[in-house]
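Turn these sequences into a full structure, and let the hints guide you.
So the sequences go chain by chain: Y and D.
The first sequence maps to residues 1 to 266 in my numbering.
The second sequence maps to residues 1001 to 1153 in my numbering.
Calculated directly from the structure, the hints in this document are not laboratory data.
Note that the structure is predicted; figures quoted are calculated from it, not measured.
Honestly, I wouldn't trust all of these hints.
Derived CB-CB ranges, DEER-like [claimed, not checked]:
id	chain 1	residue 1	chain 2	residue 2	range
1	D	1084	Y	241	43 to 53 Å
2	Y	236	D	1007	52 to 62 Å
3	D	1119	Y	236	29 to 39 Å
4	Y	221	D	1116	31 to 41 Å
5	D	1024	Y	66	47 to 57 Å
Positions of the beta carbon are idealized from the N, C-alpha and C atoms, including for glycine.
One letter stands for each residue in the lines below.
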Amino acid sequence: MITYPFKYRRAKSVADAETLLKGSPDAKLLAGGQTLIAAMKMRLASPSDLIDISNLKELSYIRTSADAIVIGAATTHFEVATSTEVTKRIPALAYLASIIGDPAVRHKGTLGGSVANNDPAADYPAAVLGLNATVKTNRRSIAADEFFTGMFSTALSDGEIITEVSFPIPKKASYKKFPNPASRYAMAGVFVAQMNAGVRVAVTGAGPCVFRVPAMEAALTKSFSADAIEGIAVDVNGLNSDIHGSAEYRAHLVGVMARRAVAEAA
Amino acid sequence: MTVNGKAVSAEAEDRTLLVYFLREQLRLTGTHIGCDTSQCGACVVHVDGRAVKSCSMFAVQAEGAQVTTIEGLAKDGKLHPVQEAFRDNHGLQCGFCTPGMIMTAVDMIRRKPNLDRETIRHELEGNICRCTGYHNIVSSIEDAAKRMSGATR
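Laid out in structure tokens, this is it:
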């Protein structure tokens, strides 16, 4: 398959990428390309220019502080999954990165790319929302609760580039995904995190966009156990319904994945 | 870019995928195009030491990179241990997926020298074979990992 023609430019820095983006309104940033290039081959996307930021060293790092792990936007899923720091301090995040796509995809795909794309069934948005992370861009910081605004849409504006995501260290966290048996994308994935301010539950794959489940959060904040959320159903309205599963089925999966996540949280 | 240890240079359109560049411009046809949608893994090559799907990156992205294809594994007329193991364990039937399987296996063994069968199956998530049922592919990789750890000890 061949994409529409476009102009390839390799950015020398984030500032350079910004300038290149300004110069061509139909340009797109290229990070790992594991979603964008597939979409371009299907001719679902036809950017005039691709501005490659995947090789920028200034966007590829994992830094730790007392209360957070800060990951550069161009850090690959493989790098997060195999980071000893991430594995030690937020094992659920390393685990989540280790089950995205397949090994070859994880060698290319990046945190920033996944978060900016906000695919309804992507894994990372669940961790960003579940851990109450902060998305930093070349212009500002955006709280997770404000970042994901709908299917494939985010709070990012034109010319805005994600530079890093800061994940607060939870007391305990876990991610459980029920993958579609063919595509391996999440039919329902639930990230549960016990934070200092209370428990957060973020769901991906089940709806058009990652979302939280306040009823489960309240119950788990009172008592962090799988039994505490037994019987708490998520609203079927608005959940995805397709050949892979009905909205009712997905709602049921969310409950099962949430209880498993709580039971295994570490 | 450097392909299988040799510096190569060729003109390509920006939109040329790495797999087409390798196959059609460099005539390295061992790397296969299966699904062309990054599902099947027949096109796996190594770029700067990591297994990637060459249908899911542009050739121009690999400018200046070290690329290894299935043609680059054998040394001095001697098959790579993973190739040997696939032959000895009957790890292929039609052979179409085999180059991708082997490139994935070499990368897998480099990252995880102590492989068990379950890990091998999990690591093969991005490689599809329609003939073998995977059993002998898993055996081949298990055998190759053992041979290679013996050789480096």
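Status of the hints after comparison with the structure:
Hint check: residue 1084 of chain D to residue 241 of chain Y, Cβ distance near 50 Å, so the stated range 43 to 53 Å holds. One distance hint, 52 to 62 Å for the beta-carbon pair residue 236 of chain Y and residue 1007 of chain D, holds here, with the actual separation near 59 Å. Range check, residue 1119 of chain D to residue 236 of chain Y: Cβ separation about 38 Å, and the 29 to 39 Å hint holds. At about 40 Å, the beta-carbon gap between residue 221 of chain Y and residue 1116 of chain D stays in the expected band of 31 to 41 Å.
Look at residue 1024 of chain D against residue 66 of chain Y: about 54 Å separates their beta carbons, and that is inside 47 to 57 Å.
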